[in-house]
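So you can see what is in the structure, the chains are spelled out below.
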Amino acid sequence: MRGRRSAIPTAAEEPGRYAVEMRGVHKAFGAVTVLDDVDLAVRRGEFVGLVGPSGAGKSTLLRLVNGMHTVERGSVRTLGTDPATCSRRGLRALRTKVGFAFQQFGLVGRLSAMENVLMGALATLRWPRYGVMSYPRALRVAALENLDRVGMADQRFQRCDTLSGGQQQRVAVARTLMQGPQLILADEPVASLDPASSALVLDILRRISREDDISVLCSLHQVELALANADRIVALRAGRVVLDEAADTLTADRLRTVYGTGDGTDG
Amino acid sequence: MADGGPAPAPPRPRAVLEPGRLRPPVRPASLAVGALPVAGVVLTGVAFWWIGVSVPSLLAGLGDTLALLRRMLPPDLPPAPGLLSAVVETLLIAVAGTGIATLVSLPLAFAASRSHGSARLVRGVARLVIVLTRVVPTLVFAILFVRVFGLGPLAGGLAVAVHSVGMIAKLATDVIDEADPLPAEAVRACGARRWHVAVSTVVPRVLPSLVSIVLYRLDINIRASAVLGLVGAGGIGVALQTALGGLDYDRAAGIIGVIIALILVLEVLSVATRKRVGAAVPDRTTKGHVLPVSAGARHDVGWDRGRILRFAAVAATVVLFVVSVWSLEPAPQRLLDAWPNLRQLLTGMWPPAFSSDIVLGVLESLLMAIAAAVVGSAGGLVLALLTARGIAPWRPLATAARALVVVLRGVPDLVYALLFVAALGLGPFAGLLALWISCTALAAKFFTDSLEELDAVPRQALESVGATRPQVFLGATWPQFVPAFTGNGLFVVDLALRESIVLGIVGAGGIGYLMQESVATLSYDVTSAIVIVIAVVVYGIETIAQAARRQLLGR
Ligand SMILES: Nc1ncnc2c1ncn2[C@@H]1O[C@H](COP(=O)(O)OP(=O)(O)O)[C@@H](O)[C@H]1O
Ligand SMILES: [Mg+2]
Chain A
1 MRGRRSAIPT AAEEPGRYAV EMRGVHKAFG AVTVLDDVDL AVRRGEFVGL
51 VGPSGAGKST LLRLVNGMHT VERGSVRTLG TDPATCSRRG LRALRTKVGF
101 AFQQFGLVGR LSAMENVLMG ALATLRWPRY GVMSYPRALR VAALENLDRV
151 GMADQRFQRC DTLSGGQQQR VAVARTLMQG PQLILADEPV ASLDPASSAL
201 VLDILRRISR EDDISVLCSL HQVELALANA DRIVALRAGR VVLDEAADTL
251 TADRLRTVYG TGDGTDG
Chain B
1001 MADGGPAPAP PRPRAVLEPG RLRPPVRPAS LAVGALPVAG VVLTGVAFWW
1051 IGVSVPSLLA GLGDTLALLR RMLPPDLPPA PGLLSAVVET LLIAVAGTGI
1101 ATLVSLPLAF AASRSHGSAR LVRGVARLVI VLTRVVPTLV FAILFVRVFG
1151 LGPLAGGLAV AVHSVGMIAK LATDVIDEAD PLPAEAVRAC GARRWHVAVS
1201 TVVPRVLPSL VSIVLYRLDI NIRASAVLGL VGAGGIGVAL QTALGGLDYD
1251 RAAGIIGVII ALILVLEVLS VATRKRVGAA VPDRTTKGHV LPVSAGARHD
1301 VGWDRGRILR FAAVAATVVL FVVSVWSLEP APQRLLDAWP NLRQLLTGMW
1351 PPAFSSDIVL GVLESLLMAI AAAVVGSAGG LVLALLTARG IAPWRPLATA
1401 ARALVVVLRG VPDLVYALLF VAALGLGPFA GLLALWISCT ALAAKFFTDS
1451 LEELDAVPRQ ALESVGATRP QVFLGATWPQ FVPAFTGNGL FVVDLALRES
1501 IVLGIVGAGG IGYLMQESVA TLSYDVTSAI VIVIAVVVYG IETIAQAARR
1551 QLLGR
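So the protein lines, in turn, are chains A and B.
Residues 1 to 267, numbered by this note's numbering, are exactly what the first sequence covers, in order.
Residues 1001 to 1555, numbered by this note's numbering, are exactly what the second sequence covers, in order.
Mixed in with the good hints, there may be bad ones.
Stated by the list, open to error - If the Cβ cut is set under 7 Å, some of the chain A residues that face chain B in the computed set are: (1) Leu111; (2) Gly120; (3) Leu122; (4) Arg254.
Calculated directly from the structure, the hints in this document are not laboratory data.
We put the CB at the ideal spot given by N, CA and C, even for glycine.
Chain A with its partners taken away, still in its complex shape:
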């Protein structure tokens, strides 16, 4: 298990090869240690599945990557930048290149799919916007293309709270595409979806990752979905990395035994 350390070269050896690089990361909320000495790397264009029981620290890890949380010890480099040392403006610039998909989608339910997608391009605009028509035409065209890529172009003017969960997550993915991201972080994007929608959403994510050479770090609850979609699997348990392997050499049973099916509160 300790062998994984050697698998990660330092940034100096091979700059730009990694979209995400975490070394010896330690994170606690008050007295509760959530992440403990975590090493993790995501290569450019790679789809990494992050599995682990709930409470293992998956969300916390993802939030460290785009600077929503900051580490106590260790280092995080996202697309070559340490989010913790960024100014507010620098952090915004970094986040522009990093898409984030939430389990609860993060769409504004009262607004249309189109407007929600357009908001992904806010960082390229100076002023606040309200209403689809307040966005430049070029962005509206781009939004429509991105909606088309996730198969939601026909519902573009439907209110998001009238869409199904799977449709909402597809809209959320289209929103991240508006950023032109180099990296997409997805926090249990399919945890509240039915099996068919889950498969569809992950399929779209993987296809986008391939076509646009976008790195994806996606936390998942279900072992099978992770194995079917990821290039590499990282398993977290109680804040520690307990497995880091290419998906094609891994079987579901072994993955399950390694990270356990407990609730993560043990250990």
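Knowing the structure of chain A, use the given hints to seat chain B with the ligands on it.
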């Protein structure tokens, strides 16, 4: 199709680039929602013009008000024994009124409820009583009852009681109607009588919500009791009226300070009690579903500590209620003496004498209320954005704004009106300023609550897109907030209207002055006409506000 070979899959048509496809369709519903604020702003303009509000007049008013505030310093407290008894009398009026109202409301609510099969006529009468008592403000009843029962807390307690009947019974009816009908049907199927059904299946389930409705009402009634004295109906307001009448502004400031302190203490207590009782307060913003009290299913029947405490609390409540009613001095002789007055009042009321003055007065009240609610909502929104957790930009400023709102809310509207009348003279200008302040505080509280209830994920999503703070606000926070903003704004109009009706009692414009004068000159036919117009207008606004709120917030 026939010209041979497996045709390549046609490329997906990318016809999505036509300009029309990029423009969202127009929705009538969103136009209507957009029209509401526009109408509000237009009516505010009309009201400002009518009342003569302008930047110079506001600046002059500010100067005069500051001069008055300077004269109020240092505040001077009345002698402790008198002060204490005035405070106690205020509290007892509220307790007695709320208690009496609760006892009357329960059967009334069952009679009015849809789900308990009362006869159509009974239900209609019950509903009418509920509406009439609800839409006429406490102070209007107080003026009438002072005529009937004479000066003192009896008139005040009864006024509080009658108005609260409408309020409590309405909420209780809703709760009863929303309670799951199945258990009731099960018991009815066993052949139980209607009252058995009510007592054994409905009461236990609606009890927690009833408790919180009554506590909530008590809170409001204590605020109301503090100003009843201004029309001679007892409580600490009598001392305030005396001090102001004698131009003793230091003393008035001291009494206002006591009122604020009293209301702040109660605010703290009521928050703590509600937490303890664990029952949800009927929720303004959502559908008012009521959570059951702590779900710990315990089947023991012995006396544990909790049961003893509960029993003690019930016993103390009963004792307190009896003491409070007794403190109103409802001697039989007094009630008998009141009978001729009451008969004179009731017979004098028919036929109502409508006049254009009444319509103009009510219109003025309405305009004052709308204008105050609009400008108050705007100011309240700013305060709420500075205060709400997760949105406020700077913690110390948020704390300061929160404290400001609590203190502003601690002063009853009528006290603001009294002060502005003292500073700026009689008329609707003083009344509008008073309502403006209280609407600002009220709106700030409502808006803060609803902003804090908003889903935080869309906000985080836009932050993670790299949007700026203003972009996050307009993109994620504001669209989510629009229904609550409009709905609560309408609620503020509704509440402001009830206040603006009575502000005239202290000479601050609107219909209240005419109302009080008609009672003073025994022109009860005018009084009844005014009450009818008030009832119609308040009921109309309430209905519109509720329908719009349901439309906006329900779903
Ligand atoms: N903001 C926070 N404050 C305090 N504790 C937190 C916070 N966020 C997460 N935690 C705790 O960190 C642990 C890991 O949480 P999380 O990263 O959400 O796990 P996962 O996403 O794998 O379910 C949990 O025990 C959780 O209670
Ligand atoms: Mg999580």
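Each hint tested on the structure:
1. Leu111: Since chain B brings a Cβ to about 5 Å from A/Leu111, closer than 7 Å, the hint holds.
2. Gly120: A/Gly120 check passes; min Cβ-Cβ to chain B is 5 Å, inside 7 Å.
3. Leu122: Since chain B brings a Cβ to about 4 Å from A/Leu122, closer than 7 Å, the hint holds.
4. Arg254: Constraint on A/Arg254 not satisfied, violated at 34 Å.
In terms of the numbered hints stated before, the structure departs from hint 4 and from no other.
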